[in-house]
Structure formats: structure tokens, C-alpha cells
Amino acid sequence: MTVKEQYLVRNAPFYQAQGKEVELFEAAYAARLPVMVKGPTGCGKSRFVEYMAWKLGKPLVTVACNEDMTASDLVGRYLLEANGTRWLDGPLTTAARIGAICYLDEIVEARQDTTVVIHPLTDHRRTLPIDKKGELIEAHRDFQLVISYNPGYQSLMKDLKQSTKQRFTAFDFDYPEATLETQIVARETGIDPETAAKLVTIGQTGRNLKGHGLDEGISTRLLVYAATLIKGGVEPRDACRIAMVRPITDDADIRATLDHAIDLTFG
Amino acid sequence: MITGIRTVADARKQAMHDPRIQACWLEVDCGFQPVADVFEECVSEALNAFSSTQMHDYLEAARFLGKLGRGPEPMLAFLEEWPSVVASIGGCEILPQVMAFVKVLQRSPNSKAIAPMLQTLAAVSRRLQSPGQLQFYLDIAQDLMTRTSGSIHGHHTTFPSPGLMDFFAQAPFLTRLLSMAGLKNWVDYGIRNYANHPERQVDYFKLQSADSRAVLQRERHGTLFADVERKLDLYLRALWRDSDLLVPYSTAFDELRQPVPYYDKLGLRVPDVFDDSNGVSGLDRYRAVLAHMIGHRRWSKPLIADNWSPFQRMAVEFFEDCRIDTLLIRAYPGLQRIFLALHPRPVETDCDPQTTSCLRHRLAMLSRALIDPEHGYTNPDLLEFVRRYRDLLAESEANTAAIAELALAYVARTRRQSDQFAKVHFKDTVIGYRDDNRQMWQFIEEGDEEEAFDEKRRLEPADSAPGLPPRHYPEWDYNSQTYRPDWVSVYESLHPSGAAADIDSLLAKHSALAKRLKRLFDLLKPQDKVRLRHQEDGSELDLDIAIRSLIDLRCGITPDPRINMSHRTDGRDIAVMLLLDLSESLNQKVAGSSQTILQLSQEAVSLLSWAVDRLGDPLAVAGFRSNTRHDVRYQHIKGYSEPWGDAVKARLAALDAGYSTRIGAAVRHAAHYLENQKADKKLMLVLTDGEPADVDAHDPRTLIEDARQAVKELDAKGIYSHCISLDPHADDYVTQIFGKRFTVIDNVQRLPERLPQLFLALTK
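Residue numbers (my numbering), protein chains in the order written: chain A, 1 to 267; chain B, 1001 to 1764.
Take these hints with a grain of salt, some might be off.
In the SDA-like style, the derived pairs of lysine to any residue whose C-alpha atoms are separated by at most 20 Å in a straight line are [what the hints assert, rightly or not]:
#, chain 1, residue 1, chain 2, residue 2
1, A, 132, B, 1537
2, B, 1678, A, 151
3, A, 210, B, 1678
4, B, 1231, A, 204
The hints are simulated quantities; they were obtained by calculation from the structure and are not laboratory data.
Model the full assembly from the supplied sequences, consistent with the hints where possible.
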């Protein structure tokens, strides 16, 4: 198996379009424009990118960014061996070489100096200089950079620089509206639409509390978790509690309110 | 009263109609005419209910009370009240304890309280329902008596308890609202705080003082609004996407006409307490009330009321309420269980239309049937309208006008002559979770009065109060280990301004010190990235070490695997609150100097503020002073968002001192600002020159203990506190308040230098 094959998305991921995002992404890819996907956690950003990679038939290299990530984690580093050092490509370099879609998830989690290394790849140059090796990589013609970020919870310190933001086309994501979300939950887990609708109702009660004690609403992903548990035979109330309420809050009052919403919804 | 005129023998010889009662009358051997007048009625009631031994005890007790030498009242009260006491608690066994208590009262200076005690005993027993509870009540009363009766030299009780009589007078009311444990706490609080203050003690036990009512409210049984307010706010937001001010109204003081929830422009009005009812918790009852009102706000449209009769309006309200409930249940099916549990279930045959107005009964049954599919009623009209109602709401939400039409048809169909009767059937017709529907009606004419037809109604414009309203804070009472609710009033304001140039010249005077400080502070500035060497995993190869390891490897020595290096960001995220004690003692001159402590503090604070501003940490400065618990001043000198500029300097220049030091309240108020700062570390510096004191605090430990409690609250909120005391003898009490987190500056003249240094040391 070549490097390229190992990154290919084999099975079609389920993705329910909310608008024209699929066509727009295809257009951006055709022009090889970098793409930024914004939206709250668990609303389907990563699934969308995966789906697009599958649809376009391109390999997908995903990097989950974190605070301790440095430029060399993206670009590559020298490793020590018995006979000296050996260079190991980082994920960004790999993607640029093989012509993959490189997806940097939660880019703002990475430090700002790290994000700067992607700049030359995102404008007309489409190159990646590797200063430690003294090499300049021309990006493969299929290469595209996609980043995601969640504008909701980050602090002032963790915003993207203007110079970074202005290199991307951007897609705004949000939790789908109720009927669509019901379909998604039902389709993803095979649960009956009626229960799915109830889960969506509870999810929305949680989203109403965003900013009033909750940093983030109950995500579609959590709804899917709850539905999966119910499908597996767990009592619906218990499933909702462990999958939708307990993970998002430690605040006793909010917990009581959401638990009450669960009781009211399931009658 | 004419007892004094008649001779004693007259009453004793009074003839009773019934020979059995005559025997009883002889047994009690009583010469009071007022007793003789009512004796027959009281005893005939008792004769029917009591066994012969019970009767004997009853008369024996009455006889004893008659011979106490306290006039006829105790005996009268006992004769009248005891049979209903026995009926309420189901037995006579408590009698010896009651009589023992009477004897205690008789021997003490409180014998006047015997009659009030006996007079309210029946009302109290009706609430308490069991001999054990009544015993508990007597114990509380006796405790109150012994602890509030005055004595001289501690030997004999010589003064009657001031509050005892009023306590007995309030007892029926108190037992209705409070559990026995709550009653005990309420009484304890009164004794503790007012034992040595007869007038205030009377006010307290008469329920006339503010704190008496506040403590009562705190101790009530049931779910208190204050405890669940946030949950209800969240409930409105989460489930109904609505939010409004929730305004509690008191249910404690309206006996006859219980207020009903309602909403208006100013907010949603709900009772201040809900007991659990029929398996529904108090909290869920609140939620049901709110849901119903929200439903009205969402789906009800006001109707013109003028052309409809009161009966028609009532029917429309019942139907509309049901429509709202149905729609609510549609949104959240679980509401049905709660609504049905709270909705009365009138019995179909309860009301006799020949003698009583049954309209309310009919409507309540209908209302039950409309939301309860298993209502089980058989009236054909009712069933027909339930069907029509279901059809109307089957596909849509319908609307208020359509439902009103249905309601009017129902009234027309079921009208009876007897609906006009004055005797109205009320049992099981009040639906507690529904509001009073005042928003459903619009009146074109305000009233029937001729002369009022062109008078425009206007809302009175509210007076805008000068300054901010006070904030109330509790104070810790170390004697009882409880908070005194809303004890201290804190008024906050901006500190008045002076000339900013004064502060600039102060800083210029200390320019050498300022330069030195600047160097120190520059070292503290966030250095952002720090290199971490000797890491096993890292972002980069540390070449020096890597080569050394490689050499080791080649030489056959075990190489050091920690050959990488990485970086760490070293940020600084501290919010600081500097709280200045501005009490009178700051005006003292410092020994060996012409400056007052106030002036030195001013210099110190200026330097610190300047330095912290250079450093970039958010800093707020505020001063406080107090003049009794009713007037604690909290003055802002610098806010968090304010830069170190002329406005702040001007305020600092005008610093003046006066009054006393009530630290606890000021710390609590400052904490509420600091708490809202978004910072990893929060630091509160308290600069003070003496121990907490105030003119209305007689026990010096009170305020020290309160301050200590306030500091504990800071800890709980994640705020680090530190005290800078200028009192060389402060160690004792400062240790009590702040533990080890304090610094005493003996040489006050060095304060301007020491304060910034101290800050550096704390935040390094």
C-alpha cells in the first residue's frame, strides 16, 4: 500500500447537506483555494471534510492541533539513529508531497507561531520551505489545505491572526435545524424518527442555555451518542443523562433543569 | 366585668340544667361568674367526647387553674380550648406536660402568659397534629421563657420575659408556616440577638422587625423561591426560550385570600414558597406555574371583556387554560403527569344544583376532562364538549377567539337557574398552577362610574433614586454559627475627585524608588516563550546534548535519551483588587514624621497602581468605611477597565478618612467584582491599620469572626487574599482573620516602598 492509498477515505461517510456547502466546496477545490470550516463543536465539520475527501477521491491527512504542537510537528523533524540522523516528514509535508487534502482540526489550539508555517502553502506560491533541511517543496497539484475552528469558546488569546484568516475561503456551520437534525440522528444511528425528534428537542433546550452557564450547547454528536445508546437497549432517560447532560456541565442547577427537560420530553 | 361586685358564693351556687354538669360544676369548685356562664356549653362538649377518667383529669386541671389566683382567664381558656386540643392530637396524654408547664409559668414572673398560652393551644394543636410535636412546642416555649426572663445577680428570675406573651399570640401563625425545627431556629435567633434588649425582643416576637420576618422566611418549610430562582431562570431559558424577571409575592401573611400567580409588564409573579403536593415537588410546581404563564404569553390573545357576563368570562378562562395546557403537553408530554397531579378531580355528584351554584364545579370537571383522557365523567353535555374541544385542537393550535366561542356555547347549553345562587360550590375547583388570567381581558370602559369615563389612566413615573440602591450582605454570627440575613447595607459610589497633579508630584517625589521598582517589574513581565531543555519528547533536537549522547552511544556508555527541547509559554494572568480601609484612625500622624497614615497610604497606592499598570495586570482599587451596619460605604477609586490616568489620580488625591472599619461586608462586596474577572489567579489585598470595629458592634469578636468568615468565602471562590496591616500589634487578630496570609508593616514610613515590593513577592 502506498502512502497515498493509506490516506484514502474508503467507505462513504454519511453527510447530510444543510445548504449548498458541497457544491461550494467542490468549486473551491477546483480552484485549489484553502478552506476554513467554522462552527461549534460536534456540528459535523470533520464529517463534512471527510465526506468531501471521499467525494473528490483524494487522500485526507488529518492533524488534531493542540497547545503543545510546534512547527516541527507539522513539517517534520530529524530523528536520531544509530548511524546519525534521519529526516521524517511531518503530516503537512506528507500531504503536500502526495497531493492530499490536509485538514488541520481546531487550528487555534495550536500556537500562533505554528500556524504561520502554513502561510506559504496557502497563497499563490503553494510551496513549503523546510529550513532545517534547506529544501523547498512544491505542493502537489491536488494538494489543498482545510482548517477548522470553533469561534465559540476560544479566548481573546486564541483567535486566528488576520494574516492567517485572510488566506481562506470560509464555511459557516451550525447545528442543523430541528427536522434536518432529526433526520441526521435517525439516519446515523437507525433509531426511530420519533425518538430522534425527542432527542433533538432536548438538545435544543441545552442550546438555549449557551451563554447562561453553558459554554457550548449540546452538540449533534452527543445526540448521536444518546441515540446509539438507546438503540443498544439503554433506557432513554438514562441514555440522555449520560450522553447529553453529564458531559457538558458540572453545574447542579443546569443539570437539574436539563434532567427535568428529559423527564418532560419522554413523558 | 362584674365579678368584683358579685359575691363568690353566687357563682358556686349557680344551678346547671343537666345533673351531670351540675356534678362537674361542684367538682371544679369555682367562684368565677364568667366561667359559670359558659361552663355548661364547654362541659357538654367534653362529656360527649371524653371517657370518665379523661373527664376527671379535665375537671381536675380546670379546678387547679381556677385556684391559681390569676383570675378566670386561664380556666376559661382551658375549658374552652382543651376539648379541641384533644380532638386535634387524638388523646389526652399530653395533659400532665401542659399542666407542668403551667406550674413552671406560675412559679416564674411569667404567670401572665398562662392565659395566652392556653388560648392559642387549640390553634397550635390543629397544626401540629401529634402529642410529640406539641411536647416539642412546649419545650421551645419553656426554653424561651427561661432564657429571656431577667435576673439580678443571676440568682432569681425577677423580670418577666418580654417576648413570651407575643410568642404565644403568634404561635398559631408560626406553627402554620414553620416546622418545629424551623420554629426552634427562629426562636433561638430572637433569643440570641435580643435577649438583652426588651423592646427589640418584643418587636421580634411580634413579627414586626425586618429580620424577624427574614429569618422566618428562611426557616419556612417547603421549596423557597430564593433557593430555586436560578433553576427557574434556566428552566425558562432552556425549555421555553423565554426569560423575564421572576417576582415572588409573599404567601405568609394572607390567610383569607391566597394570592394567585400572575404576570404583567414587570415580570412573572410567583409565590415565595411552594410545598410539595400530591407527589409533585415544590420545584416542579414552580415549573408548572411558569409553563402555564409562558403558554398564555405565547398563545393567548386578549379579548374584549365588556359585553360578557362574569360567568361567560369564567368559562372562557377555563377553556383557554385547558387549551394552553394541551399545547404545553404537546410540546413536553411529561407535563401531563404534573398537571394532572396538581389539577383537582371533582367528584361528579359532589354538588347539588337544587341548593348551590354549581357553575365552578361543572367547569372544573370539564377542565379535568379536557386534559385527562381517563376522566370517567358521564355527563352527556360534558362529553359532547370534550369531543368538540378535541376536534378543534386536533389539527391546529386553534386560537383564543375560537375557544371563546366554544366556551360561550357551553355556558348557553348548561346554564341553570341555580348558577345565580349566593352559595357557591368551591371544593375542588381551584386549580393551583394556573394564573389569574388578567392578561386575557381588555376593558374598553374602565368602570361603570359615569364621571370617570374620560379620565385617562397613567402610570405614575417612578422617582429616580439618587445613587445606587444599597446591596445587602449577610454577616456571620459566631455564637450560633449562622448568617444573619441581609444584615449589612453597602452603598457604593465613585470616590470624589481632587487634583490629579498632586499624585503626579507624589510620584515625582519618589522617582528614585519608581525607577528601582520599574526594573523589578520589568523582570516580571511575561517572557512568553521559555526554552525547556533535556526533554525526552520535544519539538526540536537539542544538538549539543544529541551529539553528546551520540558520543556516549559510540563509546558504549548508556546515552542520555533526553535529547530534545521544547518551549513553554510563560504568561501572567492575575487580577488584583486593592481594598483600602479609610476609617478615622488613618488620620493619625505617624510617630517621628509629619505625615499621616492616610498620606503614606496614598503614596503607596499611587506607586503600586502606577507599577501594576506598567505590568499590565488588571487592578481595581476601592476604599471602604462604615457607620453602623446600615451604612457601609464602598468607594471606587479605580475600576478594572479604567486606565491609570487623570480620573483615577484625581480620586486618589481626594482620599480622606472617617468613621469605622467593617471589613467583612467590604470584602464580600469587593469579591463580587473580583469574582467576575477572567483571570487564572485572583488576588485581594486588604490594606488596613487596625482591627475591625464599628460603633454598633459591642462584642469585638463579632466583626473579627465575620471578617474571618468573609475570607473563608473568598477561598471558596478561588480568590487569594492577603492583608497588609499597619498596626504593629495586629498579629493576634490578623492571624485569626487571614491565617498566615498577612504582612505587618511596623515602620509605616516605609509603606510606599514596601507595598509594591510585597505585591511583587506575592505575584512572582
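What are the numbers of the hints the structure violates, in ascending order? Failing hints: none at all.
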